[in-house]
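Residues per chain, in single letters:
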Amino acid sequence: MTNLTLTNVEKTYPGNINVLNNINLDIKTGELIVFVGPSGCGKSTLLRMIAGLETITDGEFTIDGARMNEMPPAQRGVAMVFQSYALYPHMTVRDNMAFALKIAKKSQADIDAAIDKVADKLQLTEYLDRLPKALSGGQRQRVAIGRSIVRDPKVYLFDEPLSNLDAALRVATRIEIAQLKESMPQSTMVYVTHDQVEAMTLATRIVVLANKGIAQVGSPLELYETPENEFVAQFIGSPAMNLLPGKIVDTGDTTRISVTNGGGVINSSVATREDMKGAAVNVGIRPEHMVPETSENYAFESTVEISEALGEVTQLYFERQDADSSPVIAKLQGIHRNVRNKSMRMSADPSKIHLFADGKSLHYQ
Amino acid sequence: MSAIVGTKSSLTWAVHLSLVAMVVLWLFPTVGLLVSSFRTTDQISTSGWWNSLSSSEQNLTLRTDAPDTQIEKDGLFIIEGNLFGEASDADISVWGTSSRSIDDYTPGDVAELKNGTTVTVAANGDYLMQSEVPMDGRRGQRVFVTAQTPPEFTLDNYRNVLLDKNNRQGMTKAFFNTLTVTIPATVIPVLVAAFAAYALAWMDFPGRALLVAAVVGLLVVPLQLALIPLLKLHNEIGIGKGYLGAWLAHTGFGLPLAIYLLRNYMVGLPRDIIENAKVDGATDFQIFVKIILPLSFPALASFAIFQFLWTWNDLLVALVFLIDSSGETTVMTKQIVELLGTRGGNWEILATSAFVSIAVPLGVFFAMQRYLVRGLLAGSVK
Amino acid sequence: MHPAFQAILTIIIGVGGCVGYFYFSNQFLDKVVFPSRGPNAGRNITRANMVRPWLFLFPALAALSIYLAYPVVETLRLSLTERLPGNRSQFVGFANYQQMLSEAKFKEALLNNLLWLVVVPAFSTAFGLLAAQLSDRVRWGNIAKSLIFMPMAISFVGAAVIWKLVYDTRPIDQEQIGALNALYLFFGGDAPVTWMTQIPWNSFLLMAVLVWIQTGFAMVILSAALRGIPEETIEAAIVDGANPFQVFFKIKVPQIMSTIVVVWTTITIVVLKVFDIVFAMTNGQWETQVLANYMYDKLFRANDWGVGSASAMVIMLLVSPILIWNVYNARKEMQ
Ligand SMILES: Nc1ncnc2c1ncn2[C@@H]1O[C@H](COP(=O)(O)OP(=O)(O)OP(=O)(O)O)[C@@H](O)[C@H]1O
Ligand SMILES: [Mg+2]
Numbered sequence: 001m002t003n004l005t006l007t008n009v010e011k012t013y014p015g016n017i018n019v020l021n022n023i024n025l026d027i028k029t030g031e032l033i034v035f036v037g038p039s040g041c042g043k044s045t046l047l048r049m050i051a052g053l054e055t056i057t058d059g060e061f062t063i064d065g066a067r068m069n070e071m072p073p074a075q076r077g078v079a080m081v082f083q084s085y086a087l088y089p090h091m092t093v094r095d096n097m098a099f100a101l102k103i104a105k106k107s108q109a110d111i112d113a114a115i116d117k118v119a120d121k122l123q124l125t126e127y128l129d130r131l132p133k134a135l136s137g138g139q140r141q142r143v144a145i146g147r148s149i150v151r152d153p154k155v156y157l158f159d160e161p162l163s164n165l166d167a168a169l170r171v172a173t174r175i176e177i178a179q180l181k182e183s184m185p186q187s188t189m190v191y192v193t194h195d196q197v198e199a200m201t202l203a204t205r206i207v208v209l210a211n212k213g214i215a216q217v218g219s220p221l222e223l224y225e226t227p228e229n230e231f232v233a234q235f236i237g238s239p240a241m242n243l244l245p246g247k248i249v250d251t252g253d254t255t256r257i258s259v260t261n262g263g264g265v266i267n268s269s270v271a272t273r274e275d276m277k278g279a280a281v282n283v284g285i286r287p288e289h290m291v292p293e294t295s296e297n298y299a300f301e302s303t304v305e306i307s308e309a310l311g312e313v314t315q316l317y318f319e320r321q322d323a324d325s326s327p328v329i330a331k332l333q334g335i336h337r338n339v340r341n342k343s344m345r346m347s348a349d350p351s352k353i354h355l356f357a358d359g360k361s362l363h364y365q
Numbered sequence: 001m002s003a004i005v006g007t008k009s010s011l012t013w014a015v016h017l018s019l020v021a022m023v024v025l026w027l028f029p030t031v032g033l034l035v036s037s038f039r040t041t042d043q044i045s046t047s048g049w050w051n052s053l054s055s056s057e058q059n060l061t062l063r064t065d066a067p068d069t070q071i072e073k074d075g076l077f078i079i080e081g082n083l084f085g086e087a088s089d090a091d092i093s094v095w096g097t098s099s100r101s102i103d104d105y106t107p108g109d110v111a112e113l114k115n116g117t118t119v120t121v122a123a124n125g126d127y128l129m130q131s132e133v134p135m136d137g138r139r140g141q142r143v144f145v146t147a148q149t150p151p152e153f154t155l156d157n158y159r160n161v162l163l164d165k166n167n168r169q170g171m172t173k174a175f176f177n178t179l180t181v182t183i184p185a186t187v188i189p190v191l192v193a194a195f196a197a198y199a200l201a202w203m204d205f206p207g208r209a210l211l212v213a214a215v216v217g218l219l220v221v222p223l224q225l226a227l228i229p230l231l232k233l234h235n236e237i238g239i240g241k242g243y244l245g246a247w248l249a250h251t252g253f254g255l256p257l258a259i260y261l262l263r264n265y266m267v268g269l270p271r272d273i274i275e276n277a278k279v280d281g282a283t284d285f286q287i288f289v290k291i292i293l294p295l296s297f298p299a300l301a302s303f304a305i306f307q308f309l310w311t312w313n314d315l316l317v318a319l320v321f322l323i324d325s326s327g328e329t330t331v332m333t334k335q336i337v338e339l340l341g342t343r344g345g346n347w348e349i350l351a352t353s354a355f356v357s358i359a360v361p362l363g364v365f366f367a368m369q370r371y372l373v374r375g376l377l378a379g380s381v382k
Numbered sequence: 001m002h003p004a005f006q007a008i009l010t011i012i013i014g015v016g017g018c019v020g021y022f023y024f025s026n027q028f029l030d031k032v033v034f035p036s037r038g039p040n041a042g043r044n045i046t047r048a049n050m051v052r053p054w055l056f057l058f059p060a061l062a063a064l065s066i067y068l069a070y071p072v073v074e075t076l077r078l079s080l081t082e083r084l085p086g087n088r089s090q091f092v093g094f095a096n097y098q099q100m101l102s103e104a105k106f107k108e109a110l111l112n113n114l115l116w117l118v119v120v121p122a123f124s125t126a127f128g129l130l131a132a133q134l135s136d137r138v139r140w141g142n143i144a145k146s147l148i149f150m151p152m153a154i155s156f157v158g159a160a161v162i163w164k165l166v167y168d169t170r171p172i173d174q175e176q177i178g179a180l181n182a183l184y185l186f187f188g189g190d191a192p193v194t195w196m197t198q199i200p201w202n203s204f205l206l207m208a209v210l211v212w213i214q215t216g217f218a219m220v221i222l223s224a225a226l227r228g229i230p231e232e233t234i235e236a237a238i239v240d241g242a243n244p245f246q247v248f249f250k251i252k253v254p255q256i257m258s259t260i261v262v263v264w265t266t267i268t269i270v271v272l273k274v275f276d277i278v279f280a281m282t283n284g285q286w287e288t289q290v291l292a293n294y295m296y297d298k299l300f301r302a303n304d305w306g307v308g309s310a311s312a313m314v315i316m317l318l319v320s321p322i323l324i325w326n327v328y329n330a331r332k333e334m335q
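Residue numbers (the working numbering), protein chains in the order written: chain A, 1 to 365; chain B, 1 to 382; chain C, 1 to 335.
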């Protein structure tokens, strides 16, 4: 049973640099929580506060109900895997793995047993007597993970562990981590990444950080299907969700919206109350949900400025309405020839159309 | 650069030649001392050391064996032997039997001495001295020769300076004394500075930046300022003059550079490694001993070399804090200065003593040059 | 006791004491003062971690303040007082300074020192730059560097002996064993010269010893700086038609100017402290006196602490611009 709770946690660096505010989060045993968010939003800071490497300015952090704010890292029962691996360069793989155990004054027999077991699991046995500099990037990564596993900690903390690996290795290691997690169902993991695929595939729940706080917490599909706000809607998924300004023309179980630019009118299965009629909203449509439309029931009509044929999909960039808006993007299945400079009508299934007012999703109102 | 097309080869030659000239100029004085330390008193005082490397024409004063080695043979009393002691490669051009006329005879000539004694000298130094009556006197006959002698070197000076039982030059004792000063005066500041540098690099506490600035400031304080106040202090707290005082003084004077070098190096160590050790449960002391010290080895080594060279080569601190009136704790530099005063002309002793004291730092220098350079660069290039 | 034994014993005590201090003080802090167990474990650990830096720093701070900071203040005080019999002293204002300024020997030392301050850094840096540039262009450059750098390891006293041999003088009817006189005669000098008494050449001959020692230092640093210059800037200049000398003086030297300044100031500090060379070679006779040796004379031969301290303060005054500049830079870097 390892339950982490963060209550009203706040972080202000010396010099009055406030980076996190009002963080409330409950992490349950066996979860793999992934922190995502734009660069510099405080993901590492939050992780390091959990590790005890950074003091918590305000609020409370507990593990299994015990207050941890003042505990040094060693007493928290956490293990951390760094982006740079942070292997001790002057120690062999075996000594790297043994370091924490020796400090904890474990018997040599216990240490050897633990190392052998983990080395076997991660296929590190033949490298045990090498120095880190004689290992490849992927092997170093496995040593870093192995080193945390031998300690059998209550909580694993990962700060962008895969970002120093090349693309192929990253996929392989990601799958290894997923399998590892499966083999240790009781262990709790907190994982920071920039990579959406990592976040979507590994996470039990994703925490999106933005603007010094948590934008949304939820399972990967929750975030994808029902983002709480425009930020999360645009942050999850690639290319980002299109946001088209519009106005509600009809309310009820299905809402009818007229889109300002491109002149279409479209239905969304988001329910709205009567009093919202005439309200300005943003219509959110993911590029991959856009389909060409011939009927009168379309979201907008616009000229295709650029078309990128990738084979599997074709990405269309529509003419911008004004210079500083980003172009609307559609991602169509298969190959579409000769669409450039053509005017097209686009729409999407009503269940795939999100509505946001003042940045917040109407789904939750 | 060398790959660039059309670089002039005359310039390349100029570069080589200038560099050769510079190296020779820089090496010449030291080689002179080294060569001199292997020459005899006579050799040193009669010719420049640069002559000793080629065979040279020398005027030498030599002696035949003493009369008590004469043997009687066919009614003649004979002394036979070689002027150079044993068969030598020397080539005598002229010789004489009096200091006023040293070139009376050529090899093979027979010289008449008093009492009807005759002597003849061959080109290689073999001589034959004959007399009808027993020769007397305590010492052998002096023979002045002008000879072409091949390079010749001797270890006698070193035997004299280092192994002489009476230890007239005091160099053996001074050598050990120097060692006694040097080793603790190197190890203690390294240790003390390493802890301080770690604190200044990786521990968080108020006033850290101020302390770093203070260390930088103390880096240039001339140690001359410290002489009287510290001598007074040492006398007051009862340390007086002696090893303890010298170690402490060397430690104090070496610390700013040590802290500065080591801190600069430690700051550059990866933060993740240290944090990982913290998460692994290591205390600051354990992190320091198990992670920082091994990883800082290059910096520790380079400072240790500096400090070793300074303390070994130091004169001022030894004069002021170490050597008391009994002179029991004298060090080599002091001993050499002494020799310069009392035996300014005895180059064989001076050169040998100086070389004994120079040899150790030179050995360290050539063995550890890499670290020395690294330390210098860390210390002065920002 | 055999000196070697004594040496080993003292080494063990000195070094052991040092290690012991660090180990046991940390143990004491963690086990006794703020034990990391019990109800207050968290708070205790935090507190211990606030104390620990000072534990690590204590020996260094103590040594620095006793051996460097305190003497600066104390020397200043001594320079303003006069020693009276019976271990007493009396404040005399600037009398010591006045007395010192009126002494011809002091003026000589000061002037000589200023001369040293110009000549030694200039020649060491110039030769160092030359050696660095030359040795970076030949394949045996590393050997050359190592040999030019070697005098760095030789003590000032050893260097004094080495150069005394070079400057040695024999009577006119004997063969010269000093290289300088041999050369002098070879190039048409009529009689051997006793170089150490030739004013003002003797001072320059002493400076040559220090230049000989310091050139290696300058070379090592400047060579690293030269190699740090982006290759493209040099290639661009060559393509622009610069000749090797223009490349060197117009492209390379300006780019390593800051390093040259560092080298220059470092050698300046060495020069200000130079003592051994003069002490061993002339002991300040024949107008070769310098401040550090003057001060030593005053302190330990004349036993005049007042004037001795005053002259030490002059040395301090001369280094303080460098001190301030260094501290200023360090603070800027820490930001
Ligand atoms: N020691 C510090 N002092 C002051 N500000 C800091 C400090 N460390 C981090 N910050 C600031 O805190 C913010 C969050 O930093 P953090 O490293 O947590 O970002 P991150 O989300 O991990 O970014 P990335 O994705 O680039 O790793 C940043 O704006 C950073 O500038
Ligand atoms: Mg980060």
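These aren't lab readings, by the way, just hints derived from the structure by calculation.
Heads up, some of the hints might be wrong.
Simulated pairs of lysine-lysine, DSS-like, Cα-Cα distance not exceeding 30 Å [stated by the list, open to error]:
# : chain 1 : residue 1 : chain 2 : residue 2
1 : B       : Lys-114   : A       : Lys-106
2 : A       : Lys-28    : A       : Lys-212
3 : C       : Lys-273   : B       : Lys-241
4 : B       : Lys-278   : A       : Lys-133
Partial selection, computed: residues in chain A whose CB lies under 7 Å from chain B [claimed, not checked]:
# : residue
5 : Ile-56
6 : Phe-99
7 : Val-217
8 : Pro-220
9 : Gln-333
For glycine and all other residues, C-beta sits at the position ideal for the given N, C-alpha and C.
Each hint tested on the structure:
{"no.": "1", "hint": "B:Lys-114 to A:Lys-106", "verdict": "violated (98 Å)"}
{"no.": "2", "hint": "A:Lys-28 to A:Lys-212", "verdict": "holds (23 Å)"}
{"no.": "3", "hint": "C:Lys-273 to B:Lys-241", "verdict": "holds (22 Å)"}
{"no.": "4", "hint": "B:Lys-278 to A:Lys-133", "verdict": "holds (22 Å)"}
{"no.": "5", "hint": "Ile-56", "verdict": "violated (15 Å)"}
{"no.": "6", "hint": "Phe-99", "verdict": "holds (6 Å)"}
{"no.": "7", "hint": "Val-217", "verdict": "violated (25 Å)"}
{"no.": "8", "hint": "Pro-220", "verdict": "violated (28 Å)"}
{"no.": "9", "hint": "Gln-333", "verdict": "violated (44 Å)"}
Consistency note: the structure conflicts with the earlier hints numbered 1, 5, 7, 8, 9.
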